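Q: Here is what each chain is made of, one letter per residue.
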Amino acid sequence: MTAVIRAPLGALNRALGRAHVRAESLLVLVALVVVLSILSPVFLSLSNFFNILLATATVGILAIGATFVICAAGIDLSLGSVLGLSSVTGAAMSAYLGLPWPFVILGALAAGAAAGFVNGLTVAVARVPAFIVTLGMMGIARGLALIISGGQGIYGMPPEILFLGQARPFGVPTPIFILIGTALIAHWVLAHTRFGHHTLALGDNEAAARATGIDVRRLRLMLYTLSGLMAGLAGLVFTARVNTGDPTAGLTYELLAITAAIIGGTNLFGGRGSILGTMVGALIMGVVQNGLNLLAVQAYWQQMAIGTVLVAAVWLDQIRQRGRVL
Amino acid sequence: MSLLELEGVEKAFGPVQVLRGITLKVEAGEVVGLLGDNGAGKSTLMKTVTGVYAADRGVVRFAGEDVTLLPPGERRRRGIEMIYQDLALAPQQDVANNIFLGREPTRRLWGLLPGHVDKARIDREAQAMVDRLGVRVPSIHIPVGMLSGGQQQTIAIARALTFAPRLVIMDEPTAALAVREVNSVLALIERMAADGIGVILISHRLNDVFQACSRMVVLQRGTVAADLRREETSMAEVVSYIVGAHA
Numbered sequence: 001m002t003a004v005i006r007a008p009l010g011a012l013n014r015a016l017g018r019a020h021v022r023a024e025s026l027l028v029l030v031a032l033v034v035v036l037s038i039l040s041p042v043f044l045s046l047s048n049f050f051n052i053l054l055a056t057a058t059v060g061i062l063a064i065g066a067t068f069v070i071c072a073a074g075i076d077l078s079l080g081s082v083l084g085l086s087s088v089t090g091a092a093m094s095a096y097l098g099l100p101w102p103f104v105i106l107g108a109l110a111a112g113a114a115a116g117f118v119n120g121l122t123v124a125v126a127r128v129p130a131f132i133v134t135l136g137m138m139g140i141a142r143g144l145a146l147i148i149s150g151g152q153g154i155y156g157m158p159p160e161i162l163f164l165g166q167a168r169p170f171g172v173p174t175p176i177f178i179l180i181g182t183a184l185i186a187h188w189v190l191a192h193t194r195f196g197h198h199t200l201a202l203g204d205n206e207a208a209a210r211a212t213g214i215d216v217r218r219l220r221l222m223l224y225t226l227s228g229l230m231a232g233l234a235g236l237v238f239t240a241r242v243n244t245g246d247p248t249a250g251l252t253y254e255l256l257a258i259t260a261a262i263i264g265g266t267n268l269f270g271g272r273g274s275i276l277g278t279m280v281g282a283l284i285m286g287v288v289q290n291g292l293n294l295l296a297v298q299a300y301w302q303q304m305a306i307g308t309v310l311v312a313a314v315w316l317d318q319i320r321q322r323g324r325v326l
Numbered sequence: 001m002s003l004l005e006l007e008g009v010e011k012a013f014g015p016v017q018v019l020r021g022i023t024l025k026v027e028a029g030e031v032v033g034l035l036g037d038n039g040a041g042k043s044t045l046m047k048t049v050t051g052v053y054a055a056d057r058g059v060v061r062f063a064g065e066d067v068t069l070l071p072p073g074e075r076r077r078r079g080i081e082m083i084y085q086d087l088a089l090a091p092q093q094d095v096a097n098n099i100f101l102g103r104e105p106t107r108r109l110w111g112l113l114p115g116h117v118d119k120a121r122i123d124r125e126a127q128a129m130v131d132r133l134g135v136r137v138p139s140i141h142i143p144v145g146m147l148s149g150g151q152q153q154t155i156a157i158a159r160a161l162t163f164a165p166r167l168v169i170m171d172e173p174t175a176a177l178a179v180r181e182v183n184s185v186l187a188l189i190e191r192m193a194a195d196g197i198g199v200i201l202i203s204h205r206l207n208d209v210f211q212a213c214s215r216m217v218v219l220q221r222g223t224v225a226a227d228l229r230r231e232e233t234s235m236a237e238v239v240s241y242i243v244g245a246h247a
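Listed in order, the protein sequences are those of chains A and B. Start counting the first sequence at 1; every next residue gets the next number (the UniProt record's numbering). Start counting the second sequence at 1; every next residue gets the next number (the UniProt record's numbering).
No lab work stands behind these hints, which were simulated from the structure alone. Among the hints, erroneous ones may be present.
What the hints assert, rightly or not - Examples of chain B residues lying across from chain A (beta carbon under 10 Å, computed):
1. 98
2. 102
3. 117
4. 224
5. 227
Computed from a predicted structure; not experimentally measured. Glycine included, each C-beta is placed from N, C-alpha and C at the ideal position.
Full structure from sequences and hints, please.
A: This is how it looks when you write it as structure tokens:
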């Protein structure tokens with residue numbers, strides 16, 4: 001049976017190879033869209049499509065960071081907490097310090113990048129395992145966010161910031177532009193720059209990366225900083241959408257981000273992955289949630305559905321890989 | 001002037017003296033077998049050549065110049081390549097990318113964006129290298145992990161040869177290979193020597209060493225126990241030096 005599945009998938013994969021997207025995940029997405037279009041009359045509409053993308057934006061941006069780190073055989077469990085820290089830091093710039101709106105952007109991005117830089121230093125230089133480092137940062141960043149905000153939401157953002165979250169230029173919500181723009185740049189970086197090539201090589205075989213003269217330490221430092229920066233951007237978008245610096249923002253989002261990356265074909269053990277694939281993974285999760293909402297299925301079932309999709313996606317991938325040495 | 005000259009090279013790790021004054025020469029176009037029991041100092045000696053270890057005492061001269069104090073990257077630029085036993089390949093990346101790993105050529109995307117990896121050029125030059133070596137791989141676009149051990153070894157060799165090295169050090173290149181794959185790797189070594197590249201072959205497989213090498217250097221507890229020409233020695237004599245039984 002597996003051979004029957006594998007042959008056409010192989011052909012499709014070669015066709016998609018240039019775009020670095022896995023056929024399996026794209027097929028799952030198409031199948032979901034077809035099924036939900038039949039089951040729900042409002043599913044296949046432009047406004048619902050924007051709903052899905054808008055709901056995907058925050059986790060999607062986080063998943064970009066997760067993809068880079070996982071491709072290098074690392075992990076970043078602090079993504080959700082750093083999102084919360086960035087949200088609070090950005091909001092505090094305006095609400096507490098009275099600084100103009102660019103400082104909200106700067107504060108959120110800098111907080112994210114700084115947390116990521118600390119992760120990177122600890123992983124790359126102190127050589128503490130990434131799982132532990134980022135698990136620690138998960139607590140540290142969340143605690144810091146609660147301390148800064150006194151455990152309360154920080155309300156009231158300047159209009160320029162609200163534009164980033166709530167405006168609809170050309171009828172499209174701004175976060176969708178931010179998600180797509182960031183994803184396209186990130187895709188180019190991972191698939192078409194030396195930084196991206198070296199990231200995949202590091203995740204594939206660290207000894208090989210070292211032997212060919214790649215500065216592994218510097219690369220790791222940059223990767224975790226980049227991941228933190230993505231969490232900062234996601235925190236900014238979140239803050240702008242809800243008009244609040246929320247210390248509890250992004251709780252457990254790191255798991256959703258990692259799930260999106262894995263569904264999209266990123267190898268959990270490193271060496272393989274793409275941003276476009278991750279976006280397909282994030283869309284699959286968004287479509288499942290949206291579809292179950294439209295079908296008025298209780299929210300509890302959604303978590304089960306996402307979990308099932310995750311396991312199924314990895315299983316399909318393994319069917320394809322089984323024909324290989326890997 | 002020899003391609004590589006070592007003079008009285010010594011290296012200790014703490015109280016353990018691993019190399020006790022090694023002196024040897026390798027000529028361009030020569031294939032030299034480096035033999036010795038485990039712990040004789042073969043790997044340490046080669047790492048003082050590539051620059052991974054700095055020699056405590058003695059001189060490493062390459063193409064007439066003293067390189068003793070130069071870092072590994074600079075020695076590599078001057079033409080010293082090492083192919084490691086574990087091959088240092090990235091199994092999920094394709095053949096072409098592995099050949100250019102760490103040295104990817106870039107261009108401007110749409111004439112603007114710098115740093116765009118020139119995949120077309122990587123593929124073109126990798127294909128040319130694979131063709132020139134007569135390596136049989138199904139495609140340069142498949143992941144290296146899908147290739148056999150022998151094919152992977154030839155890809156590692158192709159990578160070493162892409163940047164026109166003058167000395168190639170190979171650590172157990174035939175250890176994990178099927179018999180017919182061994183022959184194609186040995187043929188490749190022969191062609192490298194014919195192109196004027198000096199080759200140092202570290203191997204435990206005496207058959208391969210006798211087939212490929214015109215000279216054999218036997219290390220024993222950090223010293224050169226024997227430096228033999230193939231036509232003047234025998235396998236029995238080499239073995240007796242390796243195990244330290246030679247009178």
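Q: It remains to establish, for every hint, whether it holds in the given structure.
A: These are the hints, each one checked on the structure:
no. : hint : result
1   : 98   : 8 Å, holds
2   : 102  : 3 Å, holds
3   : 117  : 5 Å, holds
4   : 224  : 27 Å, violated
5   : 227  : 29 Å, violated
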